[in-house]
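J.: Below, each chain spelled out in residue letters.
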Amino acid sequence: MSSAMDDRSRFVLSADHPLFRVRPLALGAGAIGVAVSLAGALIDTTQFFQSYLFGFLFWFGIAMGSLALLMIYHVTGGAWGSVIRRSLESAVRTIPLLAVLFLPVVLGVHALYEWADTSRLAHDPLLQHKSTYLNVPFFIFRAALYFAVWTLLAIFLSRWSEAQENGEPRAIGWLENLSRGGLVAVVLTLTFAAIDWAMSLEPHWYSTLYGVLILGGCLLSAMAFMIQVTALLANNGPLSSVVQPMQFHDLGKLMFAFVMLWAYLSLSQLLIIWSGNLPEETPWYLKRMSGGWQYLGLLLILFHFALPFVILLSRDIKRNARLVASVALFILCVRVLEVYWLITPAFSPYQARVHWLDVTAWLGVGGVWLWAFTGGLRGRALVVWNDPSLPAAGGHA
Amino acid sequence: MTARVPLYGLMAEFADVNHLVSAIRKLRQMGYRRLDAFTPFPVEEVWEELGVHRNMVSFLVFCGGLAGCLFGIGLQYWTSAIDYPINVGGRPLFSIPAFVPITFECTVLFAALTAVLGMLALNGLPAPYHPVFNVPRFALASRDRFFLCVEATDPLFDREGTRRVLESLSPVSVAEVPD
Numbered sequence: 001m002s003s004a005m006d007d008r009s010r011f012v013l014s015a016d017h018p019l020f021r022v023r024p025l026a027l028g029a030g031a032i033g034v035a036v037s038l039a040g041a042l043i044d045t046t047q048f049f050q051s052y053l054f055g056f057l058f059w060f061g062i063a064m065g066s067l068a069l070l071m072i073y074h075v076t077g078g079a080w081g082s083v084i085r086r087s088l089e090s091a092v093r094t095i096p097l098l099a100v101l102f103l104p105v106v107l108g109v110h111a112l113y114e115w116a117d118t119s120r121l122a123h124d125p126l127l128q129h130k131s132t133y134l135n136v137p138f139f140i141f142r143a144a145l146y147f148a149v150w151t152l153l154a155i156f157l158s159r160w161s162e163a164q165e166n167g168e169p170r171a172i173g174w175l176e177n178l179s180r181g182g183l184v185a186v187v188l189t190l191t192f193a194a195i196d197w198a199m200s201l202e203p204h205w206y207s208t209l210y211g212v213l214i215l216g217g218c219l220l221s222a223m224a225f226m227i228q229v230t231a232l233l234a235n236n237g238p239l240s241s242v243v244q245p246m247q248f249h250d251l252g253k254l255m256f257a258f259v260m261l262w263a264y265l266s267l268s269q270l271l272i273i274w275s276g277n278l279p280e281e282t283p284w285y286l287k288r289m290s291g292g293w294q295y296l297g298l299l300l301i302l303f304h305f306a307l308p309f310v311i312l313l314s315r316d317i318k319r320n321a322r323l324v325a326s327v328a329l330f331i332l333c334v335r336v337l338e339v340y341w342l343i344t345p346a347f348s349p350y351q352a353r354v355h356w357l358d359v360t361a362w363l364g365v366g367g368v369w370l371w372a373f374t375g376g377l378r379g380r381a382l383v384v385w386n387d388p389s390l391p392a393a394g395g396h397a
Numbered sequence: 001m002t003a004r005v006p007l008y009g010l011m012a013e014f015a016d017v018n019h020l021v022s023a024i025r026k027l028r029q030m031g032y033r034r035l036d037a038f039t040p041f042p043v044e045e046v047w048e049e050l051g052v053h054r055n056m057v058s059f060l061v062f063c064g065g066l067a068g069c070l071f072g073i074g075l076q077y078w079t080s081a082i083d084y085p086i087n088v089g090g091r092p093l094f095s096i097p098a099f100v101p102i103t104f105e106c107t108v109l110f111a112a113l114t115a116v117l118g119m120l121a122l123n124g125l126p127a128p129y130h131p132v133f134n135v136p137r138f139a140l141a142s143r144d145r146f147f148l149c150v151e152a153t154d155p156l157f158d159r160e161g162t163r164r165v166l167e168s169l170s171p172v173s174v175a176e177v178p179d
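Listed in order, the protein sequences are those of chains A and B.
Going letter by letter, the first sequence gives residues 1 to 397 in our numbering.
Going letter by letter, the second sequence gives residues 1 to 179 in our numbering.
Hints may contain errors.
What the hints assert, rightly or not - Now the in silico label distances, taken between C-beta atoms and shown as ranges:
#1 111(A) with 54(B): 57 to 65 Å
#2 178(B) with 77(A): 43 to 51 Å
#3 172(A) with 43(B): 20 to 28 Å
#4 18(B) with 176(A): 54 to 62 Å
Claimed, not checked - Chain B is nowhere near these chain A residues, computed Cβ spacing over 10 Å in every case:
#5 31
#6 36
#7 109
#8 114
#9 152
#10 166
#11 168
#12 195
#13 246
#14 253
#15 313
These aren't lab readings, by the way, just hints derived from the structure by calculation.
Even for Gly, the Cβ is constructed at its ideal location relative to N, Cα and C.
Could you build the full structure based on these sequences and the hints that come with them?
T.: What follows is the structure, given as structure tokens:
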């Protein structure tokens with residue numbers, strides 16, 4: 001028994017691992033980002049809230065994608081999930097922090113959302129018609145509900161995972177059953193959260209596909225992030241004996257699938273709106289297709305779909321940790337642009353713009369989030385002990 | 001079992017996939033190249049040890065997909081913009097968004113057909129006769145046994161020597177495969 005414990009401690013990250021050495025850096029960058037953004041809020045409050053929403057939604061996407069992936073893993077199993085499970089759990093445990101980081105959006109609701117602006121509401125019958133759903137108290141109530149569901153899932157996914165580690169044989173079943181219902185709950189809540197927080201920025205416009213489009217983006221962000229983290233852990237740390245090219249191959253295949261899912265959903269939405277050609281639907285694209293935004297859109301077609309698609313076709317690249325991690329990093333960078341392209345044209349239609357607050361707010365949220373994420377990896381064995389899919393970590397093939 | 005029977009090769013039977021994998025590794029290290037393995041389910045390590053995972057099929061599929069893509073877009077361009085131009089709601093005759101689904105489907109169709117036909121063309125199936133079936137126990141290859149065949153065309157092949165090597169690799173049995 002004690003020898004098993006000793007073996008397990010081999011998979012605990014040492015305190016001087018590069019991932020921990022960037023922690024103070026992340027916290028520093030986060031603190032500076034937050035401080036500068038708050039200073040910016042004094043100069044231009046509306047701009048601050050707009051930039052903050054973009055920064056928040058990007059990092060939020062990684063955590064939510066991780067929550068979905070973790071539950072998919074509990075339902076399906078597989079070595080791909082066993083090697084990223086601890087990192088997924090660590091990302092999921094940042095959800096309470098994200099609930100706190102959401103507060104500025106609540107404070108800025110009147111500045112951000114047209115439907116919360118009483119002067120606009122008075123002259124807009126359509127917004128009045130939608131106000132049974134789109135009103136500030138209900139918006140806050142729903143956000144609280146979403147975060148309550150996600151936090152509960154995060155708490156039990158963590159608690160039962162620890163129980164499993166401590167030898168509770170029923171924990172696997174608990175996790176599996178929780179994840180079954182949890183996946184349904186997350187798809188529903190995330191769809192509504194996407195409608196509330198992002199789609200309702202342009203309250204006249206609607207797309208039934210929007211929630212899934214956001215979910216697909218979250219899954220891609222999370223997978224790219226996890227590949228990046230796993231490559232770091234495998235290259236330089238305790239996972240090097242466990243993570244084989246086969247696992248990177250699987251993770252790469254999933255990332256490839258999410259790239260295609262994103263492209264499929266994006267095109268479906270465009271195709272339906274383009275075919276219908278209705279005046280209440282097309283403005284969303286028109287706002288994003290002129291004044292410079294069109295170049296960002298083209299960039300997304302090329303770098304969010306075409307290039308990663310062609311590169312990830314290759315088996316050799318997917319099996320090479322360093323190469324697949326580079327592709328993942330590239331995709332993460334393009335994910336930032338995609339979230340920017342979804343959000344910012346709502347504030348600056350027909351006219352592309354970047355404000356320095358976009359950068360600092362993104363950095364502020366990201367620094368704090370990364371600090372919390374890496375903190376979650378401390379002191380835990382990075383593999384699931386006795387996992388049958390990982391023979392190198394005590395499991396039996 | 002006389003030396004005059006023409007031989008296709010020698011066949012070793014293993015009860016365990018790990019024995020098969022290490023046997024392939026050993027023989028490849030010794031310089032044997034004309035090896036083939038038979039397993040009841042796909043085993044990735046076996047292809048890797050045999051060095052056969054690289055073949056032309058993936059390249060053919062890529063070309064097939066590319067041809068399907070060009071065919072799909074070309075077909076729609078020719079029919080909608082050249083041969084029978086129709087104005088649909090004032091949209092351009094060559095409207096890429098509308099053409100994407102068909103182009104995608106043609107890409108998938110051509111790629112899938114190339115995969116099946118290319119696989120058949122390259123692996124020689126269907127083959128009505130193959131010497132390995134002359135070994136009666138070979139039927140177990142589709143149940144719970146793992147087989148390794150060293151073909152007689154291998155330059156290192158030696159009826160007695162190769163048999164001794166195979167017998168040292170903890171097989172269940174070693175049999176001669178008559179041609």
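J.: Each of the hints needs a verdict: does it hold here or not?
T.: Results of checking the hints against the structure:
Range check, residue 111(A) to residue 54(B): about 58 Å between beta-carbon atoms, so the 57 to 65 Å window is met. Here the CB-CB span from residue 178(B) to residue 77(A) is close to 45 Å, well matched to the stated 43 to 51 Å. Take residue 172(A) and residue 43(B): their Cβ atoms lie about 27 Å apart, and the range 20 to 28 Å holds. One distance hint, 54 to 62 Å for the beta-carbon pair residue 18(B) and residue 176(A), is violated here, with the actual separation near 30 Å.
For residue 31(A), the non-interface assignment is confirmed: its Cβ lies about 46 Å from the closest Cβ of chain B, beyond the 10 Å cut-off. Residue-level check passed: residue 36(A) sits 42 Å from the nearest beta carbon of chain B, beyond 10 Å. Against the 10 Å criterion, residue 109(A) stays outside the reach of chain B, whose nearest CB is about 35 Å from its own CB. Against chain B, the non-interface label of residue 114(A) holds: every CB pair exceeds 10 Å, the least being about 28 Å.
No beta-carbon of chain B comes within 10 Å of the beta-carbon of residue 152(A); the shortest separation is about 40 Å. Non-interface call for residue 166(A) relative to chain B: holds, since the shortest CB-CB distance, roughly 32 Å, exceeds 10 Å. The Cβ of residue 168(A) lies farther than 10 Å from every Cβ of chain B, with a closest approach of about 32 Å, so its non-interface assignment holds. At the 10 Å boundary, the C-beta of residue 195(A) stays outside the reach of chain B, the nearest C-beta of that chain being 24 Å off.
Some Cβ of chain B comes within 10 Å of the Cβ of residue 246(A); the nearest lies about 7 Å off, and the non-interface call is violated. The Cβ of residue 253(A) lies farther than 10 Å from every Cβ of chain B, with a closest approach of about 13 Å, so its non-interface assignment holds. A Cβ of chain B approaches the Cβ of residue 313(A) within 10 Å, the least distance being about 7 Å, so the stated non-interface status is violated.
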